[in-house]
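Peer 1: Hey, can you work out the whole structure from these sequences and the hints?
The residues making up each chain are set out below.
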Amino acid sequence: MKITLAHGSGGQSTKELIEKIFAASYKNPVLDMMEDSAVVGGSAKIAVTTDSFVVNPLFFKGGNIGRLAVCGTVNDLLMRGATPKYLTSAFIIEEGAELSELKLIAASMAQAAREAGVIIVAGDTKVIEGKGGIYINTSGVGFVEGDDYASFKCTQGDAIIVSGSLGDHHAAILSHRMNIKNDIASDVAPLCDIVKNLQNSGVEVHAMRDITRGGLGTVLNELADASGKCFELSESAIPVNPQVKSFVKLLGLNIMHMGNEGKLVAVVSKKDAEKALEIIKNSKYGKDAAIVGYVSSGNGVVMETSLGGKKKVGILIGEGLPRIC
Amino acid sequence: MDKIREIADFLKTYDGEEVTLMEVCGTHTASIVENGIESMLSDKIKLITGPGCPVCVTVASYIDKLCELSKFDHTCVCSFGDMIRVNGSCGSLHDAKAQGGRILMVYSPLDLIDIAKAEPDTTFVFAAVGFETTTPLYAVLLEEIIRQDIKNIKLLTALKTMPAVIDRVLSSSDKITGMIAPGHVSVITGSDIFKPFAKKYNLPFVVAGFEGEQMLLAIWALTKLKDKGEVKNLYTEAVTGKRNETSYALVEKYFTPCPAAWRGLGIIENSGMRLKEEYSRFDAGSDGLYDDFIPKGCSCHEVIVGAKQPCECPLFGKVCTPLNPVGACMVSHEGSCFNYFNKKG
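Note that the protein sequences, when read in sequence, are chains A and B. Note that my numbering numbers the first sequence so that position 325 is 325, with each residue one more than the last. Every number in my numbering is 325 more than the matching position in the second sequence, counting from 1.
It is possible that some hints are incorrect.
[As the list claims (entries may be wrong)] Below 27 angstroms or equal to it, Euclidean Cα-Cα: the simulated DSSO-like pairs (lysine-lysine) are:
1) 621(B) with 249(A)
2) 27(A) with 284(A)
3) 621(B) with 633(B)
4) 337(B) with 310(A)
5) 310(A) with 668(B)
No lab work stands behind these hints, which were simulated from the structure alone.
Peer 2: This is the structure we're talking about:
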C-alpha cells in the first residue's frame with residue numbers, strides 16, 4: 001500500500017497512519033497521551049539540537065533513514081556531554097511512498113531510540129506531492145550533569161582520539177548510488193556507551209564531535225578554528241577499513257572528507273590519553289579507536305603523511321568527486 | 326623501504342644545480358599534495374604543474390555552449406562533477422541550473438545508457454572532456470548507444486591529446502629541466518611517445534604511477550637524469566613503450582584528430598579529437614568552440630603551463646577561492662590552484 005495525500009489531510013487517514021505506525025512503534029507514556037505537546041521532566045542544564053535527514057537511498061547496508069534520524073540527533077547531544085532523553089520526530093512524506101517501508105523506518109527509529117535510552121515524545125506527519133521520498137526531522141533534548149564539552153577547551157598537548165574507522169557511512173551510501181557491489185556497511189550507531197564510559201571514568205575530555213558530513217578533516221578544522229590551536233595528525237595512525245580505503249582510492253576521494261554516522265573524535269587531556277583510548281576501545285562501537293594526533297600551538301590541521309611528508313588538511317569544499325582522467 | 330628512505334634523504338639534502346620539474350597530469354598534482362611531497366624536497370627542486378587537468382584547459386565557449394544546451398526544452402546536460410562549477414563567459418553550469426537549466430552530475434559516461442533509456446523524450450548531452458585516457462570510454466559509450474539503438478544521447482566534445490601541447494609547453498619554457506609524464510595517458514599511448522620530445526628538448530621524461538613512493542622515485546630519477554634526453558618508465562605494471570592498440574582501434578573507429586582550443590593557449594593543431602563525419606549525428610554542436618574568456622586578473626592560462634605559480638596570481642586566495650572560483654584551476658580537484666590553496670591555505 002502506498003501513502004496518498006489523504007494520509008496527510010489531518011483526518012481519519014492521518015489518524016490511522018499515526019496510530020498504526022508511529023504511535024505503535026514509539027509507544028511510551030508521554031507520547032501515548034496524544035496531546036498537542038509533550039510535558040516532560042527536566043534538568044537544570046539541558047542540551048537541545050535538531051537535524052533533518054534526507055538520505056537517498058532510504059535503505060542502505062547497515063541501516064536506514066530511521067536509524068540515522070535517531071542516531072544523528074542522539075550523537076549531537078552526546079557530543080556536548082549531555083545524556084540524551086527525549087526526541088521529537090517529524091516526517092515529510094511524498095505521496096507514493098510505500099507504507100511497508102514507512103513501517104520499517106519507524107521500527108528502526110524505535111529500536112535505535114531504545115538502544116540510545118531516549119523516548120520519542122512528540123511527532124508530526126505531513127504528506128506532499130512527489131515521488132515517494134521520505135524525509136525526517138528529529139529534535140532532541142539531553143540533560144547535562146557534569147562539564148559540557150566545547151571546542152574552545154582544546155589545549156596544547158591534548159590527544160586526538162577517533163573512535164573507529166573513517167568513511168564507512170559515506171562509502172556505503174556512495175556504493176549504493178553508484179551501484180558498486182561491496183561489503184561496506186554504514187556505521188550508523190548511537191555512541192552513548194562510549195560517552196557514558198568516558199564520563200564515568202573521570203578522564204578529562206575537552207571537546208568531542210561526531211564525524212559526520214565533511215569528515216574528520218572538516219571537524220578538526222572547526223575545532224582548530226574555535227580553539228586557536230593546531231591539530232597535528234599522523235596519517236598512518238588513522239583507522240580506515242581496507243575496503244573503504246580501496247573504494248576511496250578507486251574514486252579519487254579523500255578519506256579525511258568522508259562522513260561517518262557512528263564515529264566520534266574526542267580531544268582528551270594528554271595525561272588521560274591512554275586511559276581514554278582503552279575506555280573507548282572497550283565500549284560498544286569503539287573497538288577500532290586510535291590516537292591519531294595531538295594538539296599543538298599554531299593553527300589549522302596538518303598531517304604527517306605515511307610517506308613522511310607534511311601537508312595541510314583542509315575542509316571539504318563542494319562534493320567529494322571521482323577523478324576524470 | 327630503505328631505498329625510499331635513501332631517496333627521500335637525497336631529495337631533502339640535494340644541493341646540486343637547480344631542477345624544475347613539471348608534472349603534466351592532474352592526478353600527479355593531487356598525489357604530490359596528498360603525500361606532502363613538496364615538504365620532502367630541498368629548495369633546489371621545484372615542482373610546477375602542467376596542462377593535464379581536463380577541466381582546467383577547457384575554453385569558455387565550450388562551457389557557454391553547455392549552459393545554452395541545458396536550457397533547451399527536453400534537454401539535459403550530463404557532466405563529471407568538476408565541470409559544473411567552472412565559469413564560462415557568463416557563468417557556470419551551476420548558474421545555468423539555478424536559471425532553470427537541467428544538469429545532471431554523473432560518475433561515468435556509461436551511466437547515461439540507463440538514464441537515457443528511462444527518459445526517451447529527453448536528449449542527454451554528455452560534456453565529453455578528457456585526454457587519451459577518457460576518450461576510449463566515450464567510444465565504448467558510442468558502441469553501446471549504437472548496439473542498443475539509443476537515439477537520445479549526444480556528446481559535446483572537447484577532447485584533447487597530449488603530444489602537441491607538451492611540445493608547445495616545452496617550446497615556450499626555458500626553465501623546465503624534466504617532465505613527469507602523464508601516468509594514465511601513458512597507459513594508452515605508451516611511453517615511447519615522449520621520446521621525440523626528450524630528444525628535441527634534451528631533457529628527461531619519467532613515466533610514474535600515482536603512489537607517493539613512485540612520485541619520489543620519479544623526482545629522484547629526473548634530478549639524476551638532468552640534461553639527458555631520455556624516457557624512463559617507472560610505471561611498468563601498467564605502461565609499456567608501445568601504445569594500447571585495442572584502445573586506439575576503438576577510438577579511431579569513432580574519432581578523428583582535430584585542432585583544439587586550450588584555455589589561455591589558443592588553438593593548437595592536432596591536439597584534439599572530434600567525432601568522425603559518419604558519426605556526426607551524435608554530436609551536440611562541438612565544432613568551432615574556440616573562443617576563450619579569461620576573467621580580469623585571472624592567471625589560469627599561465628598557471629597551466631607552469632609560467633606562474635598559483636600564488637603569483639593576483640586573485641589567488643583573495644578573490645578566487647575553492648568556494649568562489651574565478652578560474653578553472655581553482656575548481657577542479659586536479660587543478661593546481663585548488664591543490665595549492667588546500668596545501669598552503
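Peer 1: Please go over all the hints and tell whether each is borne out by the structure.
Peer 2: Going through the hints against the structure:
1. At most 27 angstroms may separate the alpha-carbon atoms for a hinted pair to count; residue 621(B) and residue 249(A) exceed this at roughly 37 angstroms.
2. Note on residue 27(A) and residue 284(A): the hinted pairing holds, with a Cα-Cα distance of about 26 angstroms set against a maximum of 27 angstroms.
3. For the suggested pair residue 621(B) and residue 633(B), the alpha carbons sit about 16 angstroms apart, so the restraint of at most 27 angstroms is met.
4. Taking the CA atoms of residue 337(B) and residue 310(A), the gap is about 13 angstroms. The hint holds against a cut of 27 angstroms.
5. Distance hint between residue 310(A) and residue 668(B) is fulfilled; the C-alpha atoms sit about 9 angstroms from each other, no more than 27 angstroms.
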